[in-house]
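There are 2 protein chains.
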Amino acid sequence: MGEFELIGRLFRPLAEITRQEGVLLGPGDDCAIQRVPAGHDLVFSVDTLVEGVHFPGQYDPARLGWRALAVAVSDLAAMGADPVCYTLALTLPDADEAWVAALVSGLREASLAFGVALAGGDITRGPLTLTLQVHGVVPEGQGILRSGARPGDLVAVTGPLGGAAAALEWLDDPQPPSSVSPLLDCYHRPVPKIDTGRRLRGVASAAIDISDGLAADLGHILEASGVGAWLEAAAIPRRYGIAEASLEQALYGGDDYQLCVTLPSPALPMLPGDVSKSLHVIGEIRSAEGLYLQHPDGARELLTTGTGYDHFKTE
Amino acid sequence: MGEFELIGRLFRPLAEITRQEGVLLGPGDDCAIQRVPAGHDLVFSVDTLVEGVHFPGQYDPARLGWRALAVAVSDLAAMGADPVCYTLALTLPDADEAWVAALVSGLREASLAFGVALAGGDITRGPLTLTLQVHGVVPEGQGILRSGARPGDLVAVTGPLGGAAAALEWLDDPQPPSSVSPLLDCYHRPVPKIDTGRRLRGVASAAIDISDGLAADLGHILEASGVGAWLEAAAIPRRYGIAEASLEQALYGGDDYQLCVTLPSPALPMLPGDVSKSLHVIGEIRSAEGLYLQHPDGARELLTTGTGYDHFKTE
Numbered sequence: 001m002g003e004f005e006l007i008g009r010l011f012r013p014l015a016e017i018t019r020q021e022g023v024l025l026g027p028g029d030d031c032a033i034q035r036v037p038a039g040h041d042l043v044f045s046v047d048t049l050v051e052g053v054h055f056p057g058q059y060d061p062a063r064l065g066w067r068a069l070a071v072a073v074s075d076l077a078a079m080g081a082d083p084v085c086y087t088l089a090l091t092l093p094d095a096d097e098a099w100v101a102a103l104v105s106g107l108r109e110a111s112l113a114f115g116v117a118l119a120g121g122d123i124t125r126g127p128l129t130l131t132l133q134v135h136g137v138v139p140e141g142q143g144i145l146r147s148g149a150r151p152g153d154l155v156a157v158t159g160p161l162g163g164a165a166a167a168l169e170w171l172d173d174p175q176p177p178s179s180v181s182p183l184l185d186c187y188h189r190p191v192p193k194i195d196t197g198r199r200l201r202g203v204a205s206a207a208i209d210i211s212d213g214l215a216a217d218l219g220h221i222l223e224a225s226g227v228g229a230w231l232e233a234a235a236i237p238r239r240y241g242i243a244e245a246s247l248e249q250a251l252y253g254g255d256d257y258q259l260c261v262t263l264p265s266p267a268l269p270m271l272p273g274d275v276s277k278s279l280h281v282i283g284e285i286r287s288a289e290g291l292y293l294q295h296p297d298g299a300r301e302l303l304t305t306g307t308g309y310d311h312f313k314t315e
Numbered sequence: 001m002g003e004f005e006l007i008g009r010l011f012r013p014l015a016e017i018t019r020q021e022g023v024l025l026g027p028g029d030d031c032a033i034q035r036v037p038a039g040h041d042l043v044f045s046v047d048t049l050v051e052g053v054h055f056p057g058q059y060d061p062a063r064l065g066w067r068a069l070a071v072a073v074s075d076l077a078a079m080g081a082d083p084v085c086y087t088l089a090l091t092l093p094d095a096d097e098a099w100v101a102a103l104v105s106g107l108r109e110a111s112l113a114f115g116v117a118l119a120g121g122d123i124t125r126g127p128l129t130l131t132l133q134v135h136g137v138v139p140e141g142q143g144i145l146r147s148g149a150r151p152g153d154l155v156a157v158t159g160p161l162g163g164a165a166a167a168l169e170w171l172d173d174p175q176p177p178s179s180v181s182p183l184l185d186c187y188h189r190p191v192p193k194i195d196t197g198r199r200l201r202g203v204a205s206a207a208i209d210i211s212d213g214l215a216a217d218l219g220h221i222l223e224a225s226g227v228g229a230w231l232e233a234a235a236i237p238r239r240y241g242i243a244e245a246s247l248e249q250a251l252y253g254g255d256d257y258q259l260c261v262t263l264p265s266p267a268l269p270m271l272p273g274d275v276s277k278s279l280h281v282i283g284e285i286r287s288a289e290g291l292y293l294q295h296p297d298g299a300r301e302l303l304t305t306g307t308g309y310d311h312f313k314t315e
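Chains as they are written, first to last, in the UniProt record's numbering: chain A, 1 to 315; chain B, 1 to 315.
Hint data in this document are derived by calculation from the structure and do not stem from the laboratory. Accuracy of the hints is not assured; some may be wrong.
[As the list claims (entries may be wrong)] One side only, chain A facing chain B, incomplete, derived with CB under 7 Å:
| no. | residue |
| --- | --- |
| 1 | A32 |
| 2 | S45 |
| 3 | V50 |
We treat Cβ as the ideally placed atom computed from N, Cα and C, and that holds for glycine.
Just need the whole structure built from these sequences, with the hints factored in.
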């Protein structure tokens, strides 16, 4: 038995502990088998994390496990989907059992928190890279797309923005002040907004998770929907306890994993209290193209959404 | 727009040309959406190919595209599934448009040949790695597992073995003799046995695709089914035109992508002529553990299946 097969055994608890009813056959055969409930569609997304690009070299493997699964599941939340399972393609430079065990502990914690079972995977030798594909289900036709925003819709986000970007300067600090720990949590332990996304099905006209920054990700909604928007700078939440992200970090910082959603304004007061309380209205969709920011002093700024329509996800 | 987004656009024809009816939403949103037909299960498998591990450095990108998709779809064939779509997580050291265009041409050719649409993907910067996840469907409960082989079942393969291994010594030869071109095709252009797999649903008791060699892969069936087998050396097909793989290559060479199946012997004469003609019976399942090879001189050899039960796929 090779060293990589021993490593493979370390992943077994991930399949066994969180097995969902939808997963009829997990790891160990040519394929896994999932049963999608009648009247539902399968929703899936793939994300790659490369060491040195998407996470720092020598990053804590337990944190990496949590973060990799959270980032992937966040795409399901943005569709309003119920998470079911995931596959993991892991490329490792060597068979370091302690490192892998720590990765598995982080994945396990996130698996239990998000209700997703490991359904299959592939472990190969090579430069450290994780590719996760997550599977969820939505009632037929109820997946929330990026393309449904209409003029007059409200723009809302599910929580404060910019925290992960603000955390970057503290990442290498061995003893950061306690006030920045909410920022560091935001970077190390993002929490996908699964429940909010699910409860916005049939309500939100469009949704996206904020991985590349508010301006870029709202820009994807605007592009896909053929509309524009204005935002009110003072309304953009960016407080984390007593720490605060800058407006710049909130607009352009990545890795927040809050949702940005649009919804018709009459829908807002109809939402259950806990859902509407979790939404921060920050602006409105306009028919005229462009994303504008209204400053408290009345100045209006045209924001750079930058990246254009990402037909195929990149970096 | 970044160079990686330009690269992303090169993949657009893959989603548009081969779009299957089951894919309701392809690349370009947070997730893709697939509708699994009523009475069917989703079947899926993930495979990673790393440069220098799973394919040679400087390998022709058009060949790589074909091979990557063929290898992935082969896992669907081994379940008896109908292919539907796939995702591609591509990590690239740089945005080399000509290289990517050639990769896309190989993927496109294979997509059309195997009837699978690109449903989503992720392009990242890093060492050259491809991770493909393929999705297929089978009627509920009819996926062919590794665990169903029973004593008395016949062991059969769908074609000659060892060709890819025999090709290895010719890979670097600029002008290989024409007699070895069937071997080289076997390596560069494997063809997953989709139709045979599909038509063995409800007939085969177990199946696997031969990626690691007959002994290792049949070994997985034996382990999962709790049985043994004997093989007749003279019955193992290994002729490719006028070239021939060695018995060693046929037993232990990888990358063949034929299927190894087991089936009750009364089922064989009931199969349609073209299916039974594509099966080469090479041995029989026994209740006693171990994989034995019967040589023409009567000698009986215990084969090394080597890798044990691969709960989680490795290398």
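Hint check results:
no.: 1; hint: A32; verdict: holds, 6 Å
no.: 2; hint: S45; verdict: holds, 4 Å
no.: 3; hint: V50; verdict: holds, 4 Å
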